[in-house]
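K.L.:
Each chain is listed here by its residues.
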Amino acid sequence: MARYLLTRAWQSALTLLLSTIVVFVGVRALPGDPALALAGEDRSPEALEAIRRHYGLDQPLPVQFAQYVERMAQGDFGVSIRTGTPVSSMLTTALPVTVELSVLAILIAAALGVGAGVLAAVRRGRPAEWLANGLALIGLSVPHFWLGLLAILYLSVATGLFPASGFVPILEDPVDNLHHIVLPAVILGTGLAAIIMRQTRSAMLDSLSSDYVRTAKAKGLRPRAVITRHALRNSLIVVVTVVGLQLGGLISGAVVTEQIFGLPGFGKMTIDAVFQRDYPVIQAVVLLTAAAYIVINFFVDLLYSVIDPRIRVTGDPA
Amino acid sequence: MTTASAPVLEIRDLSVSFPTETGTVSAVDGVSLDLAAGEIVGMVGESGCGKSVTAMSIAGLLPGSARVTGSVRLDGTQLVGARESALRRVRGREIAYIFQEPMTSLNPVLTVGRQIGEVLQVHERMSRRAARARAVELLTLVGIPSAAQRVDGYPHQLSGGMRQRVMIAMAVACGPKVLVADEPTTALDVTVQAGILHVLRDLRDRLGTSVLIITHDLGVIADIADRVVVMYAGRVVEQAPVDDLFAHPRHRYTAGLLSASPQPGRHAGTDRLTEIPGLVPVLASQPDACTFADRCPAADERCRTAAPPLEGIGGADHVAACWYPCTTAPTAAQEANR
Numbered sequence: 001m002a003r004y005l006l007t008r009a010w011q012s013a014l015t016l017l018l019s020t021i022v023v024f025v026g027v028r029a030l031p032g033d034p035a036l037a038l039a040g041e042d043r044s045p046e047a048l049e050a051i052r053r054h055y056g057l058d059q060p061l062p063v064q065f066a067q068y069v070e071r072m073a074q075g076d077f078g079v080s081i082r083t084g085t086p087v088s089s090m091l092t093t094a095l096p097v098t099v100e101l102s103v104l105a106i107l108i109a110a111a112l113g114v115g116a117g118v119l120a121a122v123r124r125g126r127p128a129e130w131l132a133n134g135l136a137l138i139g140l141s142v143p144h145f146w147l148g149l150l151a152i153l154y155l156s157v158a159t160g161l162f163p164a165s166g167f168v169p170i171l172e173d174p175v176d177n178l179h180h181i182v183l184p185a186v187i188l189g190t191g192l193a194a195i196i197m198r199q200t201r202s203a204m205l206d207s208l209s210s211d212y213v214r215t216a217k218a219k220g221l222r223p224r225a226v227i228t229r230h231a232l233r234n235s236l237i238v239v240v241t242v243v244g245l246q247l248g249g250l251i252s253g254a255v256v257t258e259q260i261f262g263l264p265g266f267g268k269m270t271i272d273a274v275f276q277r278d279y280p281v282i283q284a285v286v287l288l289t290a291a292a293y294i295v296i297n298f299f300v301d302l303l304y305s306v307i308d309p310r311i312r313v314t315g316d317p318a
Numbered sequence: 001m002t003t004a005s006a007p008v009l010e011i012r013d014l015s016v017s018f019p020t021e022t023g024t025v026s027a028v029d030g031v032s033l034d035l036a037a038g039e040i041v042g043m044v045g046e047s048g049c050g051k052s053v054t055a056m057s058i059a060g061l062l063p064g065s066a067r068v069t070g071s072v073r074l075d076g077t078q079l080v081g082a083r084e085s086a087l088r089r090v091r092g093r094e095i096a097y098i099f100q101e102p103m104t105s106l107n108p109v110l111t112v113g114r115q116i117g118e119v120l121q122v123h124e125r126m127s128r129r130a131a132r133a134r135a136v137e138l139l140t141l142v143g144i145p146s147a148a149q150r151v152d153g154y155p156h157q158l159s160g161g162m163r164q165r166v167m168i169a170m171a172v173a174c175g176p177k178v179l180v181a182d183e184p185t186t187a188l189d190v191t192v193q194a195g196i197l198h199v200l201r202d203l204r205d206r207l208g209t210s211v212l213i214i215t216h217d218l219g220v221i222a223d224i225a226d227r228v229v230v231m232y233a234g235r236v237v238e239q240a241p242v243d244d245l246f247a248h249p250r251h252r253y254t255a256g257l258l259s260a261s262p263q264p265g266r267h268a269g270t271d272r273l274t275e276i277p278g279l280v281p282v283l284a285s286q287p288d289a290c291t292f293a294d295r296c297p298a299a300d301e302r303c304r305t306a307a308p309p310l311e312g313i314g315g316a317d318h319v320a321a322c323w324y325p326c327t328t329a330p331t332a333a334q335e336a337n338r
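Protein sequence lines, in the order shown, are assigned to chains X and G. Sequential numbering of the first sequence, starting at 1, is according to the numbering used here. Sequential numbering of the second sequence, starting at 1, is according to the numbering used here.
Think of the hints as simulated: they come from the structure by calculation, not from any bench. Since the structure is predicted, the reported quantities are computational estimates derived from the model, not experimental observations. Don't take every hint at face value.
Now the in silico label distances, taken between C-beta atoms and shown as ranges [said to hold, decoys possible]:
| no. | chain 1 | residue 1 | chain 2 | residue 2 | range |
| --- | --- | --- | --- | --- | --- |
| 1 | X | ARG124 | G | ALA133 | 38 to 44 Å |
| 2 | G | ALA130 | X | LEU247 | 26 to 32 Å |
| 3 | G | ASP202 | X | ILE138 | 39 to 45 Å |
| 4 | G | SER146 | X | ILE138 | 33 to 39 Å |
| 5 | G | PRO262 | X | LEU247 | 55 to 61 Å |
| 6 | X | ARG222 | G | GLU311 | 52 to 58 Å |
Sample of chain G residues facing chain X (criterion: CB under 10 Å; computed from the structure) [claimed, not checked]:
| no. | residue |
| --- | --- |
| 7 | MET103 |
| 8 | THR111 |
| 9 | ALA130 |
Ideal placement from N, C-alpha and C gives every residue a C-beta, glycine not left out.
Given these sequences and hints, build the entire structure.
P.N.:
This is how it looks when you write it as structure tokens:
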């Protein structure tokens, strides 16, 4: 197991280094000149030159990259070209918002998706299944930026049930924080919930008609034990795979959702940075996203081996 | 064995049908049989003759769409039409099952000990720890070496034969009165098969469990059964003590089945085994005919217009449903008809 972990960790580190290069080169391949964006009204060659020198943009790319990696290793992501604040301090305010939004969205999606999927499989051919299938179809087909706008229109503007935008840090006022974040999280979670529901349903249908479920019934177990301990436990392997694959989509979904609900998160920070050619911020954001993706995949792999003993790499002879 | 004592399991006129798009399909048609305490009864027949459906219907394990009529009494308690909660108390505790595929019948993500312990936790209200300890004893009982280590292993770490032993350990965990073994050896090598049959016989001797063993393998029947029930197209066509059946099959189908099985000496000099012509008929109720008539060498008009009753032939414990039962030795009878 230790060996497996070490190999996976090494692979992850390599992937991270590669993504650093891709991000660095990619950002500089974007059309547009950051100095021009920063200069504002005063676009004299001297002013532009001064800006370039100040931010190290006049150096050759390899030098810029080496400086970048060196500083990053020290936890210094540079200073935002636009605001002049350190990127790391921008991240410490923006990151918790996005993490909270994503975690909440995954929890909601998993609860709704697994619950509805199990229900649809157990109540096959009955109204409960039709309802679950119908809702899943809607969840999959409706783009969530539109769903978000509808939610703001009807649940915030018309009825005032939820605030239309804004954010309160969780440490300041947990209740108000939840009040602000729950609607965006539900909206962000709907698409994922629909995908999880469909996968859970088909995996459960497979398990429920399997021989080991027949054995479980023949043992005299209650339906609840048969469904959760035997059928669902086996179906979760599929569900975890799907959730792992969908996390990338979730991150990009978070960008859009934050924009709609005006949440001061990672997504909003990214969009602002891209529009302003704020290289240091873009680099930090994309790199962190890549890192998050790598780390999540690492944990999904670990989770597999917890759920399914057949993929456990314990070195135990089969 | 002790056929004189009151039967533990008493099946009377059991019929099972399934509604389909093209109409009702009758899978089991008026099956009656008794299982005495400590008796091993073999149920034999071709694929699709209703053996497994009969077995599953005993403890109400068929899907909800199945229509089951007749009577199944366990020590006098009616099981057909019983409440689901009552059936759950019977399943695993009084009637236990062993299935054909040990590869897929065990849950791949739970330890062997957990799967055995589960039965004890549900029916005997044992704690998880006590159930695990008992599981080790049960694994030893069914002949699994180093049971104390195996108990925490997973099914994929065991061979097919070992997995089937785990199934048996699970089945006998609560000391059931009846053990229903549906093709328990079919998926296994012959040498492993002998081991499994030995375990079953040993358990019967030690625990006094009655066993209903379902198979299409006459060798298994000859090896283990006290009495044989022959099924054909959803009906019982012959029932007899094992030696009597092999020596003097009365029903034409049984005779055909026996001569279709390789037996040392009997087929010396001939290239082929004798086969029964035709196929098992589609399972639809044929109340006014012998279901075997179309494949039977001795069939005439009577067989196609009236179903023969299951009657005592050559002794009360040997019954067959045939208008023209065999009277001579099987091969001679078969050959005379060809």
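K.L.:
Hint numbers the structure violates, sorted upward?
P.N.:
2, 3, 4, 6, 9
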